[in-house]
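2 protein chains.
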Amino acid sequence: MEANNTTSSLHSPCAACKILRRRCSDKCALAPYFPPTEILKFSVAHRVFGASNIIKFLQEIPESQRADAVSSLVYEANTRLRDPVYGSAGIIFQLQKQVSEMQSQLARAKAELAAVQAQHENLAAIVCMKAWSLPNDSEEYSPYIFQGDHSSSVNDYCQASNMWEDSLWT
Amino acid sequence: MEANNTTSSLHSPCAACKILRRRCSDKCALAPYFPPTEILKFSVAHRVFGASNIIKFLQEIPESQRADAVSSLVYEANTRLRDPVYGSAGIIFQLQKQVSEMQSQLARAKAELAAVQAQHENLAAIVCMKAWSLPNDSEEYSPYIFQGDHSSSVNDYCQASNMWEDSLWT
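For the record, the sequence lines run as chains A and B.
Under this note's numbering, think of the first position of the first sequence as -8, with each following residue one higher.
Under this note's numbering, think of the first position of the second sequence as -8, with each following residue one higher.
Because the hints were derived from the structure by calculation, they are not lab data.
Any given hint could turn out to be false.
Because identical chains share one entry, a pair is satisfied inside a single copy or across any pair of copies.
[What the hints assert, rightly or not] Quick list of in silico lysine-lysine cross-link-like pairs, PhoX-like style, CA-CA up to 25 Å:
1) 88 with 18
2) 18 with 47
3) 88 with 47
4) 32 with 47
5) 32 with 101
6) 9 with 88
7) 88 with 101
8) 9 with 32
9) 47 with 9
10) 18 with 101
11) 47 with 101
As the structure is a computational prediction, the values presented were derived from the model and not from experiment.
Given the sequences, and given the hints that come with them, work out the whole structure.
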């Protein structure tokens, strides 16, 4: 009795043993993952999976992964209590739907980008062709020189286009 | 005894009662969701949640939602057996990561689209300004007329731009 009293004064029973109203031994499989303060955490997991199933799950996996397994079980149990019909599966279906919608949005954005890029390259090519066809001394109407509120000039596009074309032959 | 024999010959026990080795009564709470042929389905759910928990879950929700609840429980149980460490939570975390990555991709695509659109509008505005500054009889160099491989013309952009500007004043 004295030894038992000493043990119980040194070690509080873990949250699982408190809820299951049993003696918490040094070999308790649940104590490392449900310390005395984590009553709610064990209570939730216990309500959904049952203590014996939780112990069985933990015994089937390496010790190094048991803390992660407990976290995922508690997460799933919380989700099941919040949504008793669909639980974690409901979240998975919603996320899969969101991924599918975002894939469509992304495909549309990429198609739109490709279309605007093609339109832009087309206009730039037309402008550059026209620029090259103008006489060199026609400064007044030369598309190489633009003034006003716009910071970029056709010259930029034509030079960029020349560089790109040159790179094909070097 | 004769009545019992007649009942058992008319109704096969449900998958749950077969696995639990108990008599399947007309009031069996699991029979509607685990017919005799669905042995694996019940076996999986039973291994993860336990029969008593499954019955408890079903009793806590309206009858109209019980079939969905069984489907989600079986789904989660299958996921837990395939991934004993992370189960459904692992799928949720992966999907959340995928959504987050796709949100970044979408934001980048939208920013890139806005940049190309701005660049394109800038070039179109420059071209149209230049086009309006040319003399009307300068057909040879008029940017309204383009020939070659390109199907679109600066005229399209300038007309579109005019329409847009007009709409501000109407």
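Do the hints match the structure? See the list:
1. Taking identical chains as interchangeable, the C-alpha atoms of residue 88 and residue 18 are never at most 25 Å apart, the minima being 45 Å within one chain and 37 Å between chains.
2. With identical chains, the CA atoms of residue 18 and residue 47 are at most 25 Å apart within one copy only, with a shortest distance of 15 Å there and 31 Å across copies.
3. In this assembly of identical chains, residue 88 and residue 47 lie within 25 Å of each other by CA distance neither inside one copy nor across copies; the values are 34 Å within and 30 Å between.
4. Taking CA atoms no more than 25 Å apart as the test, residue 32 paired with residue 47 passes in both settings, with 18 Å inside one copy and 20 Å between copies.
5. For the identical chains of this complex, residue 32 and residue 101 are neighbours neither inside a copy (45 Å) nor across copies (43 Å), given an alpha-carbon limit of 25 Å.
6. For the homomeric pair residue 9 and residue 88, neither the shortest alpha-carbon distance inside one copy (42 Å) nor that between copies (37 Å) is at most 25 Å.
7. Both within a single protomer and between protomers do residue 88 and residue 101 lie at most 25 Å apart by alpha-carbon distance, with minima of 20 Å and 21 Å respectively.
8. In this homomeric assembly, residue 9 and residue 32 come within 25 Å of each other (Cα to Cα) only inside a single copy, at 12 Å, whereas the closest approach across copies is 34 Å.
9. In this assembly of identical chains, residue 47 and residue 9 lie within 25 Å of each other by CA distance both inside one copy and across copies; the values are 19 Å within and 23 Å between.
10. Neither within a single protomer nor between protomers do residue 18 and residue 101 lie at most 25 Å apart by alpha-carbon distance, with minima of 58 Å and 57 Å respectively.
11. In the homo-oligomer, the alpha carbons of residue 47 and residue 101 never lie at most 25 Å apart, since the shortest distance is 49 Å inside one protomer and 49 Å across protomers.
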